[in-house]
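K.L.:
Residues per chain, in single letters:
2 protein chains.
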Amino acid sequence: MKKVILLVTSLLLISLTVHSQEMRSGKVKLESATSDEAGLIKVSIMYPSGEGKTFDMEYYETLHMPMVAGFLGSNLVKYTIDKGIASGAPNQTPAYVAIGKFFVKSLADYQAAIAPNRDAIRADFPKYTNIAPVILISEVVK
Amino acid sequence: MKKVILLVTSLLLISLTVHSQEMRSGKVKLESATSDEAGLIKVSIMYPSGEGKTFDMEYYETLHMPMVAGFLGSNLVKYTIDKGIASGAPNQTPAYVAIGKFFVKSLADYQAAIAPNRDAIRADFPKYTNIAPVILISEVVK
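Going line by line, the protein sequences match chains A and X.
Numbered continuously in our numbering, the first sequence closes out at residue 142.
Numbered continuously in our numbering, the second sequence closes out at residue 142.
Each hint can be trusted.
Same chains, same names: a pair is fine if it fits in one copy or spans any two.
With a straight-line Cα cutoff of 30 Å, these simulated DSSO-like cross-link-like pairs (lysine-lysine) come out: (1) Lys78 / Lys105; (2) Lys78 / Lys127; (3) Lys83 / Lys105; (4) Lys142 / Lys101.
Please keep in mind that the hints were generated in silico from the structure rather than gathered at the bench.
Work out the full structure: start from the sequences and follow the hints.
P.N.:
So this is what it looks like as structure tokens:
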């Protein structure tokens, strides 16, 4: 009988140990979730604000960005859309009305995917904005 | 004796059940990590490029950003750092050398936390750059 108790107790201890190790590694994963982007390439399409500038956020969010995202395939990790609401100083217009971002693994693959679709992308611009966007390619450091 | 075995076995089962539930909730957190940002406020500190402009990325990453992040407490969801590497056109300098971003839940709380520390933050600027940053406050749409 003592052997059985010993066996079951051992199993319990093993289970708890494995559990605690997995929790620890789980915690590591959760903590690194925010820095999973490090090393990725970020393509930012920034729409500067200005007199008479217009931007249809709904069209951009529901049609334009999903269309471009569709061209990128598995190279695309995620994309985000920001709406400018204020600048650093009070009563100053935000520098950008909107910013769309594609997080990709490879810049070369991004460029290769966009090149044959450039006309389709440009033809879509006037449907939601009269702003010529500024493009910034950056590397996620952290 | 049987009671002891039953008790230990029950403990083992309870432990395994709790374990599996925690693993499942851990997974849910990981899956939602990329879309958790919608609705958050993003404060972008953008450092424009230019003739004679300098920027010490290591100081920025290891000292300046962690210092500012430390002022923000639980309002801060995460922060990121990007290094500009190219523009949309070939052979054109990227518009920004670096961009730091704070993802916060409340803009008012961000401003309240920064106000009493503004002098300390500004005094740190010359230690890593001679660029006056452009600040953009945006809302994460997607």
